[in-house]
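Peer 1: Using the hints provided, position chain B relative to the given structure of chain A.
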Amino acid sequence: MSLLPYFAFAIPDHGKIVWKFSEKEPCVFNHKDGAPYDNDILVCYYMLANLKDPVAQFNHLPTEASQKEFLRMVSSKSDPAFARLAKKERMILSANDPKNISSDTPLGVELHILMMMEQRVLKDGKKACGPFLWPKAEDDSYLYKTNGEWPKTWRPCMNPFYARWSVLNQKAQELQSEEVSQTQKKVQSLLSKIKGFKTGTVSVAQTSAQSWAMINQGEVVESRNGKELPNLLRHFVSDQKSSRPPKPHPLSELEYRQRGYFNRGYAEGMERLKDDALLSLSHSLGLSHTVGNPQEKAKNIIYQKGGTCAVEAQYEVLKSYGQNVTPKGLAEEAFKKGYYSEVQLKSGELIGGTFSGNDGKLLRDHGLNIKVFSPTGKPAAASVRSAELGQAIEKNGGALVGVEAGRLWNDPSSSGGHQILVTGEEVSNKNAQVLGYYINDTGTGEAARFVPKKDFDRAWRAHGYELVVFNETTKK
Amino acid sequence: MRQQKNSRFLFLALLLSLGACKNSGYWMDRLDKTQLSQAENKLRFESSCSHVIPEEFSRSIPIPFKIKKGGETGFKVLFYPVVMESGIPSMAASPLVEGIFSLDGSVADHCITTAEEKGQVLRRAAPAGISMVSYYRGKSFLYENLEKIAPLYFSGAPLNDKNLKNIQTFVQEFKLVSEPGLWANYYRLSPEFWKWIKQNGQSLPGPPPLQ
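From first to last, the protein sequence lines are chains A and B. When you read off a place in the first sequence, starting at 1, and then add 26, the result is the number in our numbering. When you read off a place in the second sequence, starting at 1, and then add 18, the result is the number in our numbering.
For the record, the hints were derived by calculation from the structure and aren't laboratory data. Fair warning: this is a prediction, and the values are worked out from it, not measured in the lab. Ideal Cβ positions, reconstructed from N, Cα and C, are used throughout, including at glycine. Heads up, a few of these hints could be off.
[To be verified] Here are some chain B residues the structure puts well away from chain A; computed CB gaps all over 12 Å:
(1) 182
(2) 210
(3) 218
[Said to hold, decoys possible] The following label-pair restraints were derived from C-beta to C-beta distances:
(4) 202(B) - 132(A): 43 to 49 Å
(5) 178(A) - 148(B): 38 to 44 Å
(6) 148(B) - 329(A): 23 to 29 Å
(7) 120(A) - 130(B): 49 to 55 Å
(8) 329(A) - 173(B): 47 to 53 Å
(9) 354(A) - 183(B): 53 to 59 Å
(10) 120(A) - 141(B): 26 to 32 Å
(11) 130(B) - 358(A): 28 to 34 Å
(12) 186(B) - 390(A): 48 to 54 Å
(13) 402(A) - 183(B): 33 to 39 Å
(14) 213(B) - 132(A): 56 to 62 Å
Here chain A stands alone, though its shape is the one from the complex (with noise of 0.2 Å):
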């Protein structure tokens, strides 16, 4: 929305109250006289957002008192407005309050609890703020504006849902911290008490839920024979690999944020603790080791603004060669090129994507070799295609790759494609077969995520298994 109809002045010689509006002082009145004039800044805010052009019918008033009156009128109709906000404004504030929570509430539920009100706090409170949000926020975009952030003129009516969001936000990252601590003790105590044992044969995937409630109880029974120990230890295999590479649990609290572990949610966070606490197992077992650095990529990862995930998986990837782009340049570039698209609706939300003629372009324009494995090229073959992965994440430390979104979030309401950046597999010590991906998703910010390749595959396969491969052999 253009703010250039509200720099309106109303002609003080004729004895008005000026109208002065700017960016920088919205909505304040000032007297001819120059004595400014009292009235509430949220009145303005709701005449702003529900009359159709507030400012020229202010202006044209023919008189101070008309102006007035006109104020008037519209405070008795604001009135009753802000009546009802500030009735929602305590109940949500109180229904959303961590106060509510009792001491003795185990950790993980308290987590999820902080994590619901934080989503509900600024949910609700942007729907009771209604009638005095103005201007409407602009949508994700690069390519416009402020970038889909919220008005400062919003301030004044979310403050209080601002303040208990961050309060609870705050809360709720100390409790995500101490959850990956606890998770990373529990491993280390395991890891401390399996020293020396030879193991294998057992996957990952087959033991997940044995082992993970292992690691929860803290159990394990040091025993030479094997015998006594818990499921995942039952079976014994002499290829134990004396230089492991890094574990894949995060090791500092830098790596934790660059994760992104509850960025889906707290069910989904606690999901992926347990993997990575499984694959630290795995590793330490000599049962499989990863190929690739998903660390080091996931120190790029970005969450998109609209449909731009192929354009930001690029992004990723030209980082990781040390090129200077930026998010909102690469997109930019992308919109002028025709690779990528935005399409305002009639309702106002912007949707973006990217034609899938274009995949790797940008990569290509900036000087890398790629080679595109389109969904109706050749070779199609699933096992071809994952080879080619494969030796991709082997030799050049990933590949991107065109996923069905629902798939690999969890979430029936998309069929819509999504490119993500695979920077790693999991290959079993025992007979080379890959247990699954690490990849970065710019969709929900998270980094090094573990997939296992049954769930990978069936996402990939959605999509025609889609994949650009990439190295810079041809890099100016």
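Peer 2: For chain B alone, kept in the frame of chain A given last:
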């Protein structure tokens, strides 16, 4: 007699509960095995479609159509944007592209942009509260039944009880898994097909079909 009925009921309940134990992956695999799903998946990458459908657009359930004059038969499918915002259900916007394909080569696979305006955000993109398992189980049943009933619709052959049962299952699953915001668009895709469904004792509830 009553005991026999009870045991039959128990057996059926056991079968149903066994079915319910399958995870969403099992149902995805089953869905992906249908010829219809494979053809529909491929469509968005066809040359006439790939430059009008952004990869991120979702696709609808295919609906059979036939042209009386030329005898062509096939399926129509809609591609539409989904508006996603954290904390609220995803919303389906008006479809922007219509895809046409067939399983027997009767019509050439192609896409056309719809005359519809870049419309308002409609309603939920997925039925409220549906789980992944229910969704993919419903969708695999839906596609399997659609593969059975579409040839009947195309040929206009008389239907037996089994065929009518398949139509009933198709409509049941359609109500369960289709996008509630797009029902009017589904009607519009192939009004003749929905008339045929109605003639055979089934119909979709909700708003009347748009003409």
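Peer 1: Among all the numbered hints in the text so far, which are the ones the structure does not match?
Peer 2: No hint contradicted; all consistent.
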